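Visitor: Here's the letter readout for the chains.
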Amino acid sequence: MACACKAPQAAQSLDFVGSVCQRGQVMTAPTQANSFRTQPDDRGHFGQFGGRYVAETLMPLVLDLEREYAKAKADPAFQAEFDDLLEHYVGRPSPLYFAPRITEELGGAQIWFKRDELNHTGAHKINNCIGQILLAMRMGKTRIIAETGAGQHGVATATVCARFGLPCVVFMGATDVARQAPNVFRMKLLGAKVRPVAAGAATLKDAMNEALRDWVANVHDTFYIIGTAAGPHPYPELVRDFQSVIGKEARAQMLARTGRLPDLLIAAIGGGSNAIGLFHPFLDDPDVKMLGVEAAGYGLDKDHAASLAGGRPGILHGNKTYLLQDEDGQIIEGHSISAGLDYPGIGPEHAWLRDVGRVDYTSVTDTEALEGFQLLCRTEGIIPALEPSHAIAAVMKIAPTMPKDSVILVNLCGRGDKDIFSVAEHLGVEL
Amino acid sequence: MTRLQSAFAKGPALVTFVTGGDGPTAEILDALVEGGADVIELGMPFTDPMADGPAIQAANLRALGAGTTTADLFRIAAAFRARHPELPLVLMGYANPMVTRGADWFADQCQQAGVDGVICVDIPPEEDQELGPALRAAGVSLIRLATPTTDAARLPAVLEGSSGFLYYVSVAGITGLQQAAQASIDEAVARLKQHAKIPVAVGFGVRTPEQAAAIAKVADGVVVGSALVELVGQHGANAAGPVRELTRALADAVHSAR
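Residue numbers (my numbering), protein chains in the order written: chain P, 1 to 431; chain L, 1 to 258.
Isolated chain P (complex conformation):
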């Protein structure tokens, strides 16, 4: 077992930080190159994970995207346009905020937040959408499709489509359409067509199936903006690169403000795009530990969405990664209070980082996430989305066990306006 910390109880125990520290031995294992930041290989594999498991119809397009992305990456004009839009349209850099009252309340490590919830559209998702729509236009595509769970990625995609005048179709599970009504309306205001998907449990995985079906039938003119760091190569790589602005900024901001790097990074994980965006620029800083927080739903012995804790490697949606599945390889529906986390898989780079031991992963339940949500509201005057509320719940367990001069940096990847109705329902409050 590469990682002792995947067991749910590990994060609750006092030796959690100590167990993170032992990872140093794994990091110098001879199978590793000197850097954790050079993945994937030229075939899109992160160790045994990732790859390009798509139908033949999509394969030429995926190869084309790979070539085009390599060119864009090397083109200063592309990078300049991306940076310009992030600064003046998205509102970057997002602040790095020291949170004094939650720090005091938890009584241990200093807690800092990377405020990506202050971005235009209210979450980190827009960073990636800006990058992908610039790529789409470079490739001459004239129609955009996307899948969405919580609706944040759908809203971000609809936003960039409105900004650049491209038609947009967003596939969304019918269950999510019902529980994320405000975001559905936002997408419609922005001119997108929202297609409810009734198949399966009618959540994110089913929306992704339907988006892939649309893409396969419209490859000639359509670009699929995938919302998380998953899917066939080069998506996990390019989504990571676009989201890495989070970690690059945070690293520079932390050094400028404190003259040091954080001891521990914490981020919530569904597919894992906000987490990989924060972690990746720090991967080669050996003293910076990292913790990804999966959604344990009702508990790991019940319905949950923690693919690393409760899944095993398999192939779905274009990549090989940890999946919730039965013994026949049939996919099991994920459950989380957060519509953005209830996906039965995880981005392939996280699967690799877990197996090589560079990043630790834990999980928190719906109930714990609700506690995290309320704590941040009460102590800092910030209403977080339910996704980063999972990260806050992990902070509540870990911060008190760490010394007062240590630093935790948490990715506050989305704001909670969209979630207040479902939180009210869970707290038994009638609006």
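Just so you know, the hints here were simulated from the structure itself, not pulled from any lab data. Be aware that one or more of the hints could be misleading.
Here's a subset of chain P near chain L, in silico, CB distances under 10 angstroms, partners left out [what the hints assert, rightly or not]: (1) P60; (2) V219; (3) H220; (4) I331; (5) E333.
Among the chain L residues that face chain P by a calculated CB cut under 10 angstroms, a handful are [to be verified]: (6) D52; (7) L64; (8) Y94; (9) A95; (10) N96; (11) R144; (12) T149.
Now the stretches of chain L that chain P is said to cover, found in silico as 3 or more residues with beta-carbon under 8 angstroms [as the list claims (entries may be wrong)]: (13) 109-123; (14) 169-176.
This structure is a prediction, so every number in the text was calculated from the model and none was measured. C-beta atoms are modelled at their ideal positions from N, C-alpha and C, and glycine is treated no differently.
Assemble chain L onto chain P, guided by the hints.
Guide: Just chain L, lined up with the frame of chain P:
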């Protein structure tokens, strides 16, 4: 000569698809044989059939809802082989159920059950190591898909390591919905046959005997799936009769080109 080679040696072949575990599968498979099908494709149900249209999606869910397991699929295949020693049987499905116990396990089960070939929708040549070597070692054909987006530069990679037949997906899309223009099929098949040393069968969107007859004039095989699966959906336990009838009409049309 392998069973697949024999099936295509007589002239254009009718290849029929149904989903395993959807309705009375053994009876339905026998109805396909009685109707004159030359190759049987048995669909392995999967929770997330991303390349399939509504008809086959629904069939997958019905089969899984009825509790169909991978072990059931291999029992169905082995029993079919016992009843029909000469007719080729191909498994078609998605990667995860095929590789979940290891490719060697899957290839070995195929061989023991008398399965002649495997079509895996979401393992392109680039990821061949996932399943290809195990199937070839077990003597089971890996049947690959070519599509309208498979250009001349890519075709050799698709053909490399594949055997049995080449499955030409005639539309860029999912199963059962659009139909390709006959002219585009003629052109594509002519192009594929210049490179392929194995038979070329055409599928996706083929529903009627008329379409099947037109395709059989140029291709080595015609694949029909969704139209048959819809009959299973409509008739359930009584599907064998209607399936036999449609298969007979399709087989007559395809074989008339011989």
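Visitor: It remains to establish, for every hint, whether it holds in the given structure.
Guide: Verification of the hints:
| no. | hint | in the structure |
| --- | --- | --- |
| 1 | P60 | 5 angstroms, holds |
| 2 | V219 | 6 angstroms, holds |
| 3 | H220 | 7 angstroms, holds |
| 4 | I331 | 4 angstroms, holds |
| 5 | E333 | 9 angstroms, holds |
| 6 | D52 | 8 angstroms, holds |
| 7 | L64 | 7 angstroms, holds |
| 8 | Y94 | 8 angstroms, holds |
| 9 | A95 | 4 angstroms, holds |
| 10 | N96 | 4 angstroms, holds |
| 11 | R144 | 7 angstroms, holds |
| 12 | T149 | 5 angstroms, holds |
| 13 | 109-123 | holds (count 3) |
| 14 | 169-176 | holds (count 5) |
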